[in-house]
Every structure is written in C-alpha cells, then in structure tokens.
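Peer 1: One-letter residues, chain by chain:
2 protein chains.
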Amino acid sequence: MDTIKRINDSLIDAVSVSNTPDCPAKLAEAIDYTVFSGGARIRPKLCMAVAIACKEDDCDVTNAAAIAIELLHCASLIHDDLPCFDNAATRRGKASVHRKFGEPLAVLTGDALIVLAFQVLARHTNGQPARLCHLLKIISDSVGAPNGICAGQAWESEPTVSLAKYQRAKTGALFSAATMAGAAAAGYEPEDWRELGDCIGEAYQVADDIRDVAGDPEKMGKPTGQDAALGRPSACQELGLAGAIKRFKSLMQQAVDSIPECPGADALKMHMLQESERFLPKEIIRSAA
Amino acid sequence: MDTIKRINDSLIDAVSVSNTPDCPAKLAEAIDYTVFSGGARIRPKLCMAVAIACKEDDCDVTNAAAIAIELLHCASLIHDDLPCFDNAATRRGKASVHRKFGEPLAVLTGDALIVLAFQVLARHTNGQPARLCHLLKIISDSVGAPNGICAGQAWESEPTVSLAKYQRAKTGALFSAATMAGAAAAGYEPEDWRELGDCIGEAYQVADDIRDVAGDPEKMGKPTGQDAALGRPSACQELGLAGAIKRFKSLMQQAVDSIPECPGADALKMHMLQESERFLPKEIIRSAA
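Sequence lines, in order, name chains Z and L.
So the first sequence is numbered by this note's numbering: it starts at 1 and just counts up by one.
So the second sequence is numbered by this note's numbering: it starts at 1 and just counts up by one.
Incorrect hints may have been included.
It does not matter which identical chain is meant; a pair holds if it fits inside one copy or across any two.
Here are the simulated lysine-lysine pairs, DSSO-like style, with alpha carbons at most 27 Å apart [stated by the list, open to error]:
| hint | residue 1 | residue 2 |
| --- | --- | --- |
| 1 | 249 | 269 |
| 2 | 26 | 100 |
| 3 | 100 | 165 |
| 4 | 165 | 26 |
| 5 | 100 | 222 |
Because the hints were derived from the structure by calculation, they are not lab data.
My request is simple: use the sequences and hints to build the entire structure.
Peer 2: Dropping the structure here:
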C-alpha cells in the first residue's frame with residue numbers, strides 16, 4: 001500500500017475515537033481540523049520507511065508508532081501558534097486552531113492530541129508488548145523534558161541558549177524518534193538508528209533556514225526573510241547561503257551513510273534522496289548558485 | 001513503607017529527569033513547583049491502596065501507575081488555571097503557575113507533565129510489558145477524548161452539556177483510572193475495579209459541592225459559596241444540602257460494597273472509610289444537620 005494512504009487511513013482510524021456523541025462536538029471538530037490540514041507527513045513517512053527497510057512483520061505496530069509521532073507533531077504546532085507563543089493567525093494557509101475555535105479549545109486540542117498519541121500506542125500494539133515498551137520510551141522522551149519538544153520550546157524562555165541544543169530538542173528529537181521507532185516497531189535495536197534521525201532532523205532545519213533566504217514565498221505559501229527580519233539565528237546567518245547548502249548536502253550524505261545493515265537499505269537510501277529533494281528543491285539550490 | 005512516602009519518593013524520582021543542565025532551568029523549576037505544591041495525593045493513594053489490596057508483587061509497577069495518574073492530575077490543574085480558562089491567581093494558597101512563571105511556561109509545564117506521566121510508565125514497567133499495555137490504555141483513556149479530562153474540560157465550550165457526563169469525564173475518569181490501574185499493576189482484571197473508582201469519583205465531586213455550601217473557608221483555604229454565586233450546577237442545588245449528604249454517604253457505601261474479592265479487601269474498606277472522613281469531615285456533616 002502507498003505510504004501516504006497508510007498514514008492517512010491510520011490517522012482517520014485514530015481520530016475516529018473522538019467522532020462519537022460522547023465527545024464534545026467542538027473538540028472533535030478541532031482535532032479533525034488539525035490533523036487533516038494538509039501536513040507533509042514527513043515524520044511518519046520516515047518512520048515507515050525505516051520499518052519497511054527493516055522488513056516490518058507487524059504493520060499495525062509500525063502504523064501506531066508513525067501516527068503517534070505525527071499526532072505529537074500536530075499538537076506541538078497548535079500550542080506553538082497560541083497567543084502566548086507565536087500568536088499565529090494562520091497555519092498552512094488556514095486559520096490557526098485558536099483563531100478558528102478559540103484559545104480554550106486550542107489548549108485542549110493540543111492536550112488531547114498528545115494523549116491520543118499514547119492511546120494509539122496502547123490500542124494497536126497489544127500483540128507486541130515488548131515492542132510497546134521500546135516505542136513508549138522513545139516517543140515520550142522525544143516530546144518531554146529534558147530533551148524533547150517541550151524542553152526545546154522552553155529554551156525560548158531562558159536568557160541564553162545553545163542554538164544546537166535548542167534545535168535538537170525542538171525539531172531534531174522527533175526525527176530521531178521517527179527513525180528509532182520505525183526500527184523498534186520492526187523488532188530492530190532502535191539505538192542503531194539514532195544517527196540517521198539526528199542527521200535528517202538537522203538537515204531539515206538547515207533546509208528550512210535556506211528556504212527562508214532563497215525560497216519562493218508564492219510556492220511556499222509563507223513569507224521569506226523572516227529569520228533576518230526577526231534576528232533569529234539560522235544556518236545561513238552562521239555559514240552564509242553557500243555554506244548552508246554545503247552543510248545540508250553533507251548532512252544528507254551522513255544520513256545515507258549511517259543507515260545500518262538491513263534488508264531494505266538500498267530502497268531506504270532512495271527514499272532519503274527523494275526526501276532531500278523535497279526538503280530543498282533543486283531550483284532553490286540552482287537559484288542560490 | 002508509608003504510602004505518602006512511597007508516593008513522594010516516586011514523584012521525586014520521576015521529576016529528577018528534568019533536574020539536569022540539559023533541561024531549561026525555568027521549566028525544571030516550574031515542574032518542581034507544580035508537583036510539590038502540597039496536593040493531597042488522593043488519586044495515587046487510591047491506586048496504591050487497590051494494588052496493596054490485590055497483594056501487589058511488583059512495587060515499581062504500582063508506583064509508576066500511581067505517579068503517572070498524579071502527574072496527569074497536576075498537568076490538568078495548570079492548564080485549568082490558565083487565563084483562557086479559570087484565570088486563577090492562586091492554587092493551594094500559592095501563585096498559580098502562569099502567575100509565577102508566565103503563560104508560555106505554564107502551557108509547556110502542563111504539556112511536559114502529561115508527557116512525563118508516560119515517560120514514567122515507560123521507564124518503570126519494563127519487566128512487565130503485558131501490564132504496561134493495560135496501564136497505558138487505562139491511563140491514557142482517562143485523560144484524552146472522548147471520555148477523559150480533556151473532553152470533560154471541553155464540555156465547557158459546548159452550548160449544552162449533561163452534568164453527569166461532564167463531571168464523569170472531568171473528575172470521575174481519573175478516579176476510575178486510579179482503581180483500575182491499581183488492579184492492573186498487581187496483575188488483576190482492571191474492569192472489575194471500575195465501579196469502585198466511579199463511585200469514589202462521584203462521591204468526591206458531591207463532597208466538593210457540600211464543602212462549598214457548608215465548609216469553613218478558613219480551614220479549606222478557599223472561599224465558599226462559589227457554586228451559587230457563579231450559578232454553577234451542584235449536588236446541593238439539585239438535592240438540597242441534606243439530600244447531597246445522603247447521596248455522598250450512599251455513594252461511599254456503594255463503593256465499599258463494590259470491592260471485588262481480593263486478599264486485602266478488609267484493609268481497603270478501612271481505607272475507604274478514612275478517605276470518606278477526609279472528603280467530608282464529620283464536623284461539616286454535623287454543622288449541616
């Protein structure tokens with residue numbers, strides 16, 4: 001089955017628990033609105049690609065791991081957009097959750113999606129309790145304290161912060177969780193797959209910085225030049241545009257080289273090359289040359 | 001070991017993961033401030049009392065279940081106090097988390113505590129993967145949608161709501177989770193223990209309503225008469241004070257009667273009587289007579 005279809009079917013199934021008269025209607029609507037708002041599904045695709053490379057023997061477990069990661073990503077976006085953080089009016093070209101449903105429901109929808117990630121893990125890994133232990137640890141650590149998304153976001157409230165530590169927690173941790181959970185879902189040793197996720201997470205962040213400098217705002221659906229305008233640290237500011245592109249390529253190469261021995265290593269390398277093009281389209285590299 | 005000491009030691013251990021230089025200092029401080037602000041630990045005590053009655057054979061698993069439930073309770077209080085909900089300046093006589101640490105950290109501390117509950121389950125149930133599956137399902141369902149705390153709170157955004165459904169989700173669900181998780185932690189069938197939690201959860205809510213009418217604001221550390229002043233539905237409004245007291249006693253009796261056969265049933269019944277007195281001190285019953 002097509003990976004995107006697998007992800008969407010599993011998300012529909014996950015969200016269906018709240019589509020009952022037992023659930024407050026606005027909460028159910030806000031969950032649906034958030035989860036199906038056109039995300040690129042980069043993290044669950046990565047998780048599935050690793051599980052497939054490891055010759056997954058239980059699709060349900062892979063699906064649960066991949067979907068849990070995507071739900072946590074969605075939750076983090078809602079809370080990031082709240083007035084007390086970015087106060088974002090839009091997300092992916094649509095009204096942000098708090099603008100559409102009000103702030104109380106935005107807080108609760110984020111909370112409910114965090115919890116839903118763990119409900120999904122509980123519901124779909126029953127045949128594999130040992131794997132559930134690994135998955136629960138990997139995935140919960142990647143969003144909590146001290147090294148997960150919540151901690152990453154909390155660095156913004158500190159007077160000083162190491163940029164690397166901030167980005168690793170806020171962005172990188174969920175990418176590492178994606179590769180490690182993909183391996184764990186297939187019964188492989190997750191630690192061997194950490195470097196792959198680390199490299200892709202950092203490459204994703206560098207690509208984001210590059211697109212902010214050299215991307216086409218029309219195509220991206222959001223304004224460029226924001227990092228410089230807001231004085232935010234970025235790979236381009238640190239390395240220059242050409243240096244940042246070089247860094248991106250080197251990280252993606254390191255990612256490919258880090259792939260451990262597994263039945264589907266070659267197909268996974270192909271997936272990495274496709275994702276590389278998606279993170280940073282060739283036209284941006286050309287236009288920056 | 002004394003139950004309260006067991007709970008506090010386990011909470012100290014759980015929170016210690018964020019007491020490292022890897023964690024943003026203010027987030028670590030806010031987590032600590034929230035968790036050790038003098039809560040009565042009613043839910044984890046109940047969870048442990050059930051596990052002990054079931055002759056627990058693995059204290060670590062009981063501790064993890066009890067602490068996960070308390071951390072989720074703490075998280076719900078922080079988010080409830082936010083300006084977009086109750087806008088509470090104080091909690092348990094101290095500044096609320098958003099008043100002391102600011103709104104961004106209050107949102108993140110709530111999120112981090114939700115996640116910490118699951119990190120604790122992952123970390124301390126490794127020897128018992130089958131029990132972890134039960135615990136994860138029971139505990140995550142009790143805080144998510146459609147029947148857990150998030151859903152309970154979201155009913156406040158709906159034009160109409162069944163009071164019973166609202167209170168069951170917002171307050172009762174975590175009590176049912178406490179008794180069911182206590183049983184599951186000891187390897188017992190959790191479903192047999194649901195009625196006990198349901199009754200105690202409802203009794204707790206009725207007692208709260210009664211204290212609001214007949215309690216001593218000095219002793220409780222918070223003003224009384226709030227339900228009537230704010231037009232909130234309550235057991236006293238519905239049944240009158242004497243009727244509410246009768247309802248409370250009947251629920252506690254039903255709770256005691258529902259206790260399934262287990263090695264420590266008698267001690268558990270004693271625990272219920274002690275808790276009953278804590279929920280609704282005799283002096284309040286006397287003063288209302």
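Peer 1: Checking residue 100 and residue 165: alpha-carbon separation at most 27 Å within a copy, between copies, both or neither?
Peer 2: Answer is between: at 26 Å across copies they meet the 27 Å cutoff, but 33 Å inside does not.
Peer 1: Please sort residue 100 with residue 222 into within, between, both or neither, judging by C-alpha distance up to 27 Å.
Peer 2: within (19 Å within a copy, 35 Å between copies)
Peer 1: Go through the copies and call it for residue 165 and residue 26: within, between, both or neither, with a Cα cutoff of 27 Å.
Peer 2: between (37 Å within a copy, 16 Å between copies)
Peer 1: As a check of your reading, is residue 249 near residue 269 (CA-CA no more than 27 Å) within one copy, between copies, both or neither?
Peer 2: Close inside one copy (14 Å), not across copies (66 Å); limit 27 Å.
Peer 1: My question is about residue 26 and residue 100: at a cut-off of 27 Å on alpha-carbon distance, are they close within one copy, between copies, both, or neither?
Peer 2: Within. Shortest intra-copy distance 11 Å satisfies the 27 Å Cα cut-off; inter-copy 31 Å does not.
Comparing the model with each earlier hint shows no violations; every hint is respected.
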